[in-house]
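Residue numbers (the numbering used here), protein chains in the order written: chain A, 253 to 568; chain B, 73 to 269.
No wet-lab data here; the hints were simulated from the structure. In this text the structure is predicted, and so the values were computed from the model without any measurement. Just so you know, not all the hints are guaranteed correct.
Claimed, not checked - Chain B regions said to be covered by chain A (calculated; three or more residues, Cβ under 8 angstroms): (1) 130 to 142; (2) 149 to 155; (3) 205 to 219.
What the hints assert, rightly or not - Label-pair ranges, simulated between beta-carbon atoms: (4) A:Asp441 <-> B:Glu99: 55 to 61 angstroms; (5) B:Glu152 <-> A:Lys435: 27 to 33 angstroms; (6) B:Glu104 <-> A:Trp315: 19 to 25 angstroms; (7) B:Arg148 <-> A:Asp415: 53 to 59 angstroms; (8) B:Ala253 <-> A:Ala301: 30 to 36 angstroms; (9) B:Asp169 <-> A:Asp299: 18 to 24 angstroms; (10) B:Ser150 <-> A:Glu430: 18 to 24 angstroms; (11) A:Ala295 <-> B:Pro111: 16 to 22 angstroms.
Every residue, glycine too, gets a C-beta built ideally from N, C-alpha and C.
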Amino acid sequence: MSEHDPRTGQINRKDPDDAALVRALDGYAAPALAPDFADRVMARTKDRAAPMPDARNGRGKPWRSVRRLAIGAGVFGALASAAAATGLLDDLPIDLPSTEEVWATITGDTVPSTPAPRTNTIVEETGSADAQNRAPIDGPIDTPEELEEAFDTIDRLRENRRDDRRNRVDNRIDQVLERRRDKGLPAPDAEQEARLKQRLKEARNRRDERVDERIGNRRDELRERVEDGEELSPRDILREERGAAGGERLRERLEELRSLPPEERRQRLREFRERRQQMRENRLGTPDADPSVSEADTGIDGEESPQTSPSEPPEQ
Amino acid sequence: MTRGLAPRDDRLGQEAALVARIAAREEAALREAIQNYAPLLHRIAYRMMGDAHEAEDIAQETMLRLWDNAEKLATRNSGEMKLGAWLKRVAINLTYDRLRLLGRMSDGEIPDRADDEKLADARIEDDQKHAAARDLISALPERQRAAIVLTYYEELPNADAAQVLDMQLKAFESLLFRARAALRKSFEAQGDAGGAS
Chain A
253 MSEHDPRTGQ INRKDPDDAA LVRALDGYAA PALAPDFADR VMARTKDRAA PMPDARNGRG
313 KPWRSVRRLA IGAGVFGALA SAAAATGLLD DLPIDLPSTE EVWATITGDT VPSTPAPRTN
373 TIVEETGSAD AQNRAPIDGP IDTPEELEEA FDTIDRLREN RRDDRRNRVD NRIDQVLERR
433 RDKGLPAPDA EQEARLKQRL KEARNRRDER VDERIGNRRD ELRERVEDGE ELSPRDILRE
493 ERGAAGGERL RERLEELRSL PPEERRQRLR EFRERRQQMR ENRLGTPDAD PSVSEADTGI
553 DGEESPQTSP SEPPEQ
Chain B
73 MTRGLAPRDD RLGQEAALVA RIAAREEAAL REAIQNYAPL LHRIAYRMMG DAHEAEDIAQ
133 ETMLRLWDNA EKLATRNSGE MKLGAWLKRV AINLTYDRLR LLGRMSDGEI PDRADDEKLA
193 DARIEDDQKH AAARDLISAL PERQRAAIVL TYYEELPNAD AAQVLDMQLK AFESLLFRAR
253 AALRKSFEAQ GDAGGAS
């Protein structure tokens, strides 16, 4: 782009070719400002409203947002790749389909079956700390010794998990109380806190007693079966431990409920809801709670129901 | 048409100090800024708008924006600040807003407004040369108009004018070339029509 182009070049005041244009443009003189201009501006500053704060995205331009998104997507992809490469995803409870499974969904082929883990083995997941103490029991259990060994392993696991859960709950309670105190919100004093924890401890003990009693009964049945010469698979034991029988009882009760006349069924449900409401209200101090709802409602401290422990989901 | 100013570094420091004083709500500092910059802003606005009252409004609003934003400006630009460039940019943006508002309020395109204003202008100035020059400038699109006003009338270097218009230098030079071509073409057309002297 040349400055000397007669059509687009600089308008030169000294160039004779531009003289006419310069004369025309210079005729456009601006008038002077009013003499009281400054006074008027100063007067306007008195009643001037405060300026608006900066808009949140005031400095952001669209391309910046796009760039941020692109960078975010890139970083996420890099982290995901790194996690996959280091095998981190294998340690997380994320069900990722294998390449074969994805391919099968595309091609319509039969999805390759993955070997079911621990079909005939009790491998206790006691966490990394005591992973070396795992006590696998292979094959059927047909002697009282093996059965007791399985019970011991399951007890150890249950205690570990129960302690872990309760520690987490205790920590959570402490954190909440601490946070409330930091923020100046109403919080129990030391005496109230001690009373609360005592009631929590009592509730836990009651729960342990109930669970131990229920499990003890089931184990007695298992012991009798072994003594009668029956071979038990680890899955049988786990199912009993988790209360698969309880699930069957629940199903039976539901079936029974369905078979009732509508009016009676509604009445039973109403009573159930009332009992449940009563349980909620007396959650921290109801020694004679209805066992039919206790499993759902005694989770006062956020614990899982004993039916959901130990290692595998119940297989009905 | 430009003011004789101190060396660049000193000037930037002085302008930053002036903004800091305005941020501290020192009225004398705002008066000093008005004295230094308001005539320039008024000229720019007048040549872009072709209306003395609008130009004065724009100059006033620009100075008030300085009053409003002095604290933020002082925070962002401690030490050095191109206050003149900031004020010019605000004034030109306000001028764009007014031109667009006028363009929406009138039925025709913005350049046509110059023809409508000839009678009013003649009442005030009664100067055919003035009106012809104003018509030449008003016939340009707003950004080309700003480029001509800044570089021809205010004699800003291209780099400074590009900064005022928040443009890259190359883009500004391209705009300026188009503006000059349009201006010359318009001037020739005016001459053919017997409007130019």
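Hints versus structure:
{"no.": "1", "hint": "130 to 142", "result": "holds (count 7)"}
{"no.": "2", "hint": "149 to 155", "result": "violated (count 0)"}
{"no.": "3", "hint": "205 to 219", "result": "holds (count 4)"}
{"no.": "4", "hint": "A:Asp441 <-> B:Glu99: 55 to 61 angstroms", "result": "58 angstroms, holds"}
{"no.": "5", "hint": "B:Glu152 <-> A:Lys435: 27 to 33 angstroms", "result": "44 angstroms, violated"}
{"no.": "6", "hint": "B:Glu104 <-> A:Trp315: 19 to 25 angstroms", "result": "39 angstroms, violated"}
{"no.": "7", "hint": "B:Arg148 <-> A:Asp415: 53 to 59 angstroms", "result": "57 angstroms, holds"}
{"no.": "8", "hint": "B:Ala253 <-> A:Ala301: 30 to 36 angstroms", "result": "44 angstroms, violated"}
{"no.": "9", "hint": "B:Asp169 <-> A:Asp299: 18 to 24 angstroms", "result": "22 angstroms, holds"}
{"no.": "10", "hint": "B:Ser150 <-> A:Glu430: 18 to 24 angstroms", "result": "42 angstroms, violated"}
{"no.": "11", "hint": "A:Ala295 <-> B:Pro111: 16 to 22 angstroms", "result": "19 angstroms, holds"}
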